[in-house]
Amino acid sequence: MDFNLTEEQKMIASSAKEIAEAFGPEYWRQKEEKGEFGDEFWKAIGDAGFVGIAIPEEYGGSGRGTTELLTAMEELAANGCGMAGVWYLILTEVFGGLSIVRHGAEEHKRKYLPGIAKGELEFCMALTEPDAGSNTLNTKTTAKKQGNEWVIEGNKTFISGADRAKGMMIVARTTPKEKVTKKTLGLSLFLTDLPHELVEVKPIPKHGINYSHSCQVSFNGLRLPENALMPPQDLGWYSVLDTLNPERMSFTAAAVGIARLAINKAVDYSKQRKVFGDVPIGSYQGLQFPLAEAYATLEAARLLNFKAASLFDNGADAASVGAAVNMSSVAAVENATKAVYWAMQVFGGYGYAKEYDIERWWREINLIRLAPLTHQMALNYIGEHVLGMPRAYY
Amino acid sequence: MNMIVCCKQVLDPEAPPASFKIDPANNKVVPPPGVPPVISPFDEQAVEAALRIKDNQGGKITVLSLGNNLLRDVVKKPLSMGADELILLEDEAFEGGDSWSTAYALATAIKKIGEFDLIFCGRQAADWDAGQVGSGIAELLGIPSVTVAKKVEAVDGKARVERVIADGYQVIEVTLPALITVSNELGEARYATLKGIMAAAKKQPIIWKPSDIGVDPSQIGAPGRRSKLFKLFQPVREGKCEIIEAETPAEAGTNLATKLREAKII
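Residue numbers (the working numbering), protein chains in the order written: chain B, -18 to 375; chain G, -5 to 260.
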């Protein structure tokens, strides 16, 4: 068992760190405030090849795996970008790139992957619905065959990046729920170009991460050619797991990265700040212990996340990947939230001021207990699928 | 165009100041734990200057680094940016040197490399800030040098260099071969790309020991020092703030003037 990064992985981490330092907290404070996309950052990581890390070389990427992708994501987040260092990569490289690499037909790969790898073709995924959040199997958006075309009807919500993306993966029901022999059957994946006159996109005002807009999306009779389907038809649930697992790993990398960023800032401040006498507040165990505890447990979450990535990259079965993914997510969510909470406590009232950035990271870290799935759903997964306990919900 | 760039591995100058520590008994800086070293930032800009020439007219870039136990993922960075070859002067005998012994070893290695048109160095290393190695190499090789460049072009056997001065820049033409030290005004060095990183990871550096380049052992590393370090210490900086209390602005001004007079500042 080797816990060391390879020379190449260390260089990837170092390059990510350098880019993150050039697009640090002040840059993202302004982007968040204005609700603007970080174009300059996106161009920098695109030019450096980060959007194509996990895309095969024959399609313009670097042919590496999620291990390298997570390494880059964590360093981008931890060295100044916070959630932004991970978010854009999830939308385009994970939702677009990894989905198509694993399940796209050759023509899909040729059409989309080179643009994705360069960062020129932003992507998004239309999965979540008003009544199908944690329960994807309740998806109501339909794709019905009419002649040689698929007609898509339905509504999606919280579709991040849909207002800018040029490509979208849609999860839709191709066989009604009541007609399938197994509830995990009947969903299929489709690819479409955006913008499209029959796809309505409306941003939803939200709590944070406003440098990317999350949108309501309506498909109003969107007609797609037959080959827009990513085969196999009706088995889309199994295919989309290969998108959802890396998405969760990416969120864990974000949690660890944001927590590292907040802890480092808090530790530096705590060594200088004196309130009572000549002793810096960093010497107070009331601040030290919770930060130390969060840091230690986040290191455990990080290692477990790399285990999940290794399993995924080496073709392990979905159950093994899912177990590692959900366990690392649980550890990361609980402790990254604690880490940012205590970083804010270190700053006292200043922690509430925007110019210190902690309050923005606090808003960012609070998404991770809700998305890509709620913390409680990850616990449910472990209870049911890892411990073999009875399912609590139907 | 054959170019050589000298790059030094240094402690990260961006490491938190609180992590900076000195071992006073040995007059050495203690590397901060958990903060990996980096290529000196001015040296990265020297690589960038060479890459810009290579972008325009082609050529080969050889990177030369000196030290001991150099970290491969650090010293290979110029390769990941687009340099072609890495030569490491790596041996414990090179440790503990100063500007002279470093310039001597590098100049001797450059003679062994043989053909070159341009040598680039950073204007100074981010650890000691001496800024003498570049000019020292040029002196030892008997070639002209231009320091503190912000732009370098190579045309018709000459280099045209914009050299930074206090209130602007000079334009200097120098015949090749020549040595140029590069300043931060050149602009940001490019990022390592994934493709560059993958190529760099596959390349193996060429390692030269002192005997490979034929240096005089008494002139390299600690024995070769021509400068003596008497004391290495961290200066203590203290700032105090005193609020001048008064009922009116005029009275505050009077009180401030009195304080300054008492302190013999005015």
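Mixed in with the good hints, there may be bad ones.
To be verified - Restricting the straight-line Cα-Cα distance to at most 25 Å, the calculated cross-link-like pairs of lysine-lysine (PhoX-like) are:
(1) B:K12 <-> B:K187
(2) G:K15 <-> B:K246
(3) B:K24 <-> G:K15
Said to hold, decoys possible - Simulated DEER-style distance windows between Cβ atoms:
(4) G:P18 <-> B:E2: 27 to 37 Å
(5) G:P217 <-> B:A297: 55 to 65 Å
(6) B:E7 <-> G:P25: 22 to 32 Å
Simulated from the structure, these hints should not be mistaken for lab results.
For each residue, glycine too, the CB sits at the ideal point set by N, CA and C.
key: Assessment of proposed distance window 22 to 32 Å (beta carbons of B:E7, G:P25)   = At 29 Å between Cβs, range holds.
key: Range agreement (Cβ of B:E2 with Cβ of G:P18, hint 27 to 37 Å)   = holds (31 Å)
key: C-beta pair G:P217, B:A297: status relative to the range 55 to 65 Å that was hinted   = holds (56 Å)
Restraint status (C-alpha distance of B:K24 to G:K15 at most 25 Å) = violated (38 Å)
message = What's the verdict on G:K15 and B:K246, does the C-alpha distance respect the 25 Å limit or exceed it?
response = holds (20 Å)
query = Taking 25 Å as the top limit, are the C-alpha atoms of B:K12 and B:K187 close enough?
reply = holds (14 Å)
In the structure shown, a violation is registered for the earlier hint numbered 3 alone.
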